[in-house]
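Dock chain B against chain A, hints included.
Sequence order for the protein chains is A and B. If you read the first sequence in our numbering, its first letter stands for residue 1, the second for the next number, and so on. If you read the second sequence in our numbering, its first letter stands for residue 1001, the second for the next number, and so on.
FYI, nobody ran anything at the bench for these hints, they're computed from the structure. Among these hints, one or two may not hold up.
[Stated by the list, open to error] Within a straight-line C-alpha distance of at most 20 Å, the following computed SDA-like cross-link-like pairs (lysine to any residue) qualify:
no., chain 1, residue 1, chain 2, residue 2
1, A, Lys108, B, Leu1011
2, A, Lys108, B, Gly1019
3, A, Lys108, B, His1006
4, A, Lys92, B, Thr1004
5, A, Lys204, A, Thr101
6, A, Lys108, B, Gln1009
7, A, Lys108, B, Thr1004
8, A, Lys164, B, Leu1087
9, A, Lys164, B, Glu1023
10, A, Lys164, B, Gly1019
[As the list claims (entries may be wrong)] Residues from chain A that face chain B, not an exhaustive set, calculated with beta carbons under 7 Å:
no., residue
11, Ala82
12, Val109
13, Arg148
14, Glu169
15, Gly181
[What the hints assert, rightly or not] The calculated label-pair distances, taken between Cβ atoms and stated as ranges, are:
no., chain 1, residue 1, chain 2, residue 2, range
16, A, Leu197, B, Val1086, 17 to 25 Å
17, B, Tyr1074, A, Val77, 24 to 32 Å
18, A, Val215, B, Val1086, 31 to 39 Å
19, A, Val77, B, His1006, 36 to 44 Å
20, A, Met1, B, Gln1133, 48 to 56 Å
21, A, Leu7, B, Thr1062, 53 to 61 Å
22, A, Val56, B, Gly1200, 39 to 47 Å
23, B, Thr1212, A, Gln214, 33 to 41 Å
Glycine included, every Cβ here is placed at the ideal spot set by N, Cα and C.
Single-letter residue listing:
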Amino acid sequence: MRRTIGLLVLTLAVVAAASSARARTLDQILSSGEIRVGVNPNYPPNAMYNNKNQLVGFEVDVAERLAKMLGVKAAFVVVNPASRVPFIVADKIDVVMGGMTRTPDRAKVISFSVPINTEAPGVLTTDAVPYETPAQMNTPRATFAEVRGTTDVPLLQRQLPQAKILFLEDWADAVRAVADGRATAVLADPAFYSTLLGNFPNVKWKVLKGSVGQVYYDCLGLAMGNDALRHWLNVALFSLETEGFVEKDWEKWHHAAMVVPVVPQPYF
Amino acid sequence: MNYTLHFGQVLPYLPYLLGGAVETILLSVLAFAGGMVIGAVGAAAATWGGATTRRISGYYVTFFTNTPALVQVYFIYFVLPDFGIVLSSFNCVLIGLVLNSGAYLTEVQRAGFRSVPRTEIEAAETIGLSKFQTTWHVVMPHVVRTLYPALTGQFILVTLGSSIGAVFGVDELTGRAFGVNSETFRAFEVFIVTGLLYVGVTLLATTILAWTGWLLFRARVRVL
Chain A
1 MRRTIGLLVL
11 TLAVVAAASS
21 ARARTLDQIL
31 SSGEIRVGVN
41 PNYPPNAMYN
51 NKNQLVGFEV
61 DVAERLAKML
71 GVKAAFVVVN
81 PASRVPFIVA
91 DKIDVVMGGM
101 TRTPDRAKVI
111 SFSVPINTEA
121 PGVLTTDAVP
131 YETPAQMNTP
141 RATFAEVRGT
151 TDVPLLQRQL
161 PQAKILFLED
171 WADAVRAVAD
181 GRATAVLADP
191 AFYSTLLGNF
201 PNVKWKVLKG
211 SVGQVYYDCL
221 GLAMGNDALR
231 HWLNVALFSL
241 ETEGFVEKDW
251 EKWHHAAMVV
261 PVVPQPYF
Chain B
1001 MNYTLHFGQV
1011 LPYLPYLLGG
1021 AVETILLSVL
1031 AFAGGMVIGA
1041 VGAAAATWGG
1051 ATTRRISGYY
1061 VTFFTNTPAL
1071 VQVYFIYFVL
1081 PDFGIVLSSF
1091 NCVLIGLVLN
1101 SGAYLTEVQR
1111 AGFRSVPRTE
1121 IEAAETIGLS
1131 KFQTTWHVVM
1141 PHVVRTLYPA
1151 LTGQFILVTL
1161 GSSIGAVFGV
1171 DELTGRAFGV
1181 NSETFRAFEV
1191 FIVTGLLYVG
1201 VTLLATTILA
1211 WTGWLLFRAR
1221 VRVL
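The shape of chain A in the complex, shown without the other chains (with noise of 0.2 Å):
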């Protein structure tokens, strides 16, 4: 009984010894030479795999650039939207993009850099389907396929409170439950399921008229107090768009420019 509880105690004490590792500085990063960088490939264009299985995208472009501003290799870590956080909580990583969109519930946990890309979301349904505004789709007949844990969810319950949410795992499933029937419509900004539509080539595809009222601001997260790193990353990110880097970069991937583009403002 004794020896159990030694065991314990033991194990406990070396757990807590190797999880006291803290975010790393600024320094620590330009020492070692590299910068982790935390994408999720399942939003394309912003990331993904090409035909060579190399990452490739818009946020894979902003990151490389990044790294070269600052003298180091870009090291990407795939993640996905559960694992983002704490990645960065327990050092896996030291900055992660993947549409890191800024909430005050999120800021309470990491920190934000001054955004990079906006989302604008907007209704995408078929032509089987009989509303014309989003306004029309307030009822419980009209069911939103949604990926869970996304910032639409919470502003469809807020536009649309009387709609139903069919609770998915990533946007391919989502736009093809609305091809399937499953799902009436997909709130979702334009640039996470355009890559997709053609996957469906005898769907219909419709994209409602007017807005349901909110835009996002995506930006890079890092770890809570990791004050340096976040102020170097404003000012690399404001160069960044006033050069016109950022803007080139997303037409090059989405080919059309930001529904909202971001103002880059000179104090932060």
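Chain B alone, transformed into the frame defined by chain A:
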């Protein structure tokens, strides 16, 4: 690790998670009930059936125990619509879990069928009970009583396996936990609470199983 636990931030979501626990119980009880029915039929077919029935039962068990439940539900959810069969998320996951647990329960119950003394089966035949009556009145009480640990184990596996519903839009406990985690970013607190809720759900589910066994088959078993 520079992190402070704040359970208070997750507490407002507790009613939402409890609603998910109710969905999980509903899904797992229905899946297990369906699986037991299929298991009893399959086990009876394997023990008393002719060569073809035995072979069909064997193929069913081999296929469903050697493929992952997730893959089976994926097929029902994403492939069937291409053939015109579109079922709701809950029904897809339920059917997948029933077929999957039915295969495992066929094997478990087959062991139980074999362990009933031959003399009791012959006595039942002598007094003119049909195969169905024999199964219900003679074999099942025996199976539930002697195989209770195995059945409970399978029930817990079905309960934990119901978490695959999260991938298909069933609003059960795991799915809701993922949602709360994405909103608050407090993975540690959310998943500690969810783990504890799952322990509560499995305890409740095994109590329901013991109670059902008593009601249907007068089989008295210990729960904890």
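Here's how the hints hold up against the structure:
1. Between Lys108 of chain A and Leu1011 of chain B, the direct Cα distance comes to roughly 16 Å. Compliance with the 20 Å bound is thereby established for this hinted pair.
2. For a cut-off of 20 Å, the pair hint linking Lys108 of chain A to Gly1019 of chain B is broken: about 26 Å separates their Cα positions.
3. Restraint check: the Cα-Cα separation between Lys108 of chain A and His1006 of chain B comes to about 11 Å, which is no more than 20 Å; the hinted pair holds.
4. Distance hint between Lys92 of chain A and Thr1004 of chain B is fulfilled; the C-alpha atoms sit about 18 Å from each other, no more than 20 Å.
5. Pair hint Lys204 of chain A plus Thr101 of chain A does not hold up; C-alpha atoms about 30 Å apart against a cutoff of 20 Å.
6. A threshold of 20 Å between alpha carbons decides the hint, and for Lys108 of chain A with Gln1009 of chain B the separation of about 10 Å falls inside it, so the pair holds.
7. For a cut-off of 20 Å, the pair hint linking Lys108 of chain A to Thr1004 of chain B stands: about 11 Å separates their Cα positions.
8. At roughly 17 Å between alpha-carbon atoms, Lys164 of chain A and Leu1087 of chain B fall within 20 Å of each other, so this suggested pair holds.
9. Restraint check for Lys164 of chain A and Glu1023 of chain B: the C-alpha separation of about 17 Å stays at or below 20 Å, so the hint holds.
10. Our distance criterion of 20 Å between C-alpha atoms is met by Lys164 of chain A and Gly1019 of chain B, whose separation comes to about 16 Å.
11. With 7 Å as the threshold, the beta carbon of Ala82 of chain A comes within range of chain B, its nearest partner Cβ sitting at about 6 Å, so the hint holds.
12. With its C-beta approaching chain B no nearer than about 4 Å, Val109 of chain A sits inside the 7 Å limit, and its interface hint holds.
13. Interface hint status for Arg148 of chain A: upheld, as the beta-carbon distance to the closest one in chain B is roughly 5 Å, under 7 Å.
14. Using the Cβ-Cβ criterion of 7 Å, the hint placing Glu169 of chain A at the interface with chain B is satisfied: the shortest such distance is roughly 5 Å.
15. With its C-beta approaching chain B no nearer than about 6 Å, Gly181 of chain A sits inside the 7 Å limit, and its interface hint holds.
16. Taking the beta carbon of each, Leu197 of chain A and Val1086 of chain B are about 20 Å apart, inside 17 to 25 Å as hinted.
17. Evaluation of the 24 to 32 Å hint for Tyr1074 of chain B and Val77 of chain A yields a pass: the beta carbon distance comes to about 27 Å.
18. Between Val215 of chain A and Val1086 of chain B the beta carbons are some 35 Å apart, a value that agrees with the proposed interval 31 to 39 Å.
19. Range check, Val77 of chain A to His1006 of chain B: Cβ separation about 26 Å, and the 36 to 44 Å hint is violated.
20. Distance hint check for Met1 of chain A and Gln1133 of chain B: the Cβ-Cβ separation is about 53 Å, which falls inside the suggested range of 48 to 56 Å.
21. The hinted range of 53 to 61 Å is not satisfied by Leu7 of chain A and Thr1062 of chain B, whose Cβ atoms lie roughly 42 Å apart.
22. Checked against the given bound of 39 to 47 Å, the beta carbons of Val56 of chain A and Gly1200 of chain B, roughly 46 Å apart, stay inside it.
23. At about 49 Å, the beta-carbon gap between Thr1212 of chain B and Gln214 of chain A misses the expected band of 33 to 41 Å.
In summary, the numbered hints that this structure violates are 2, 5, 19, 21 and 23.
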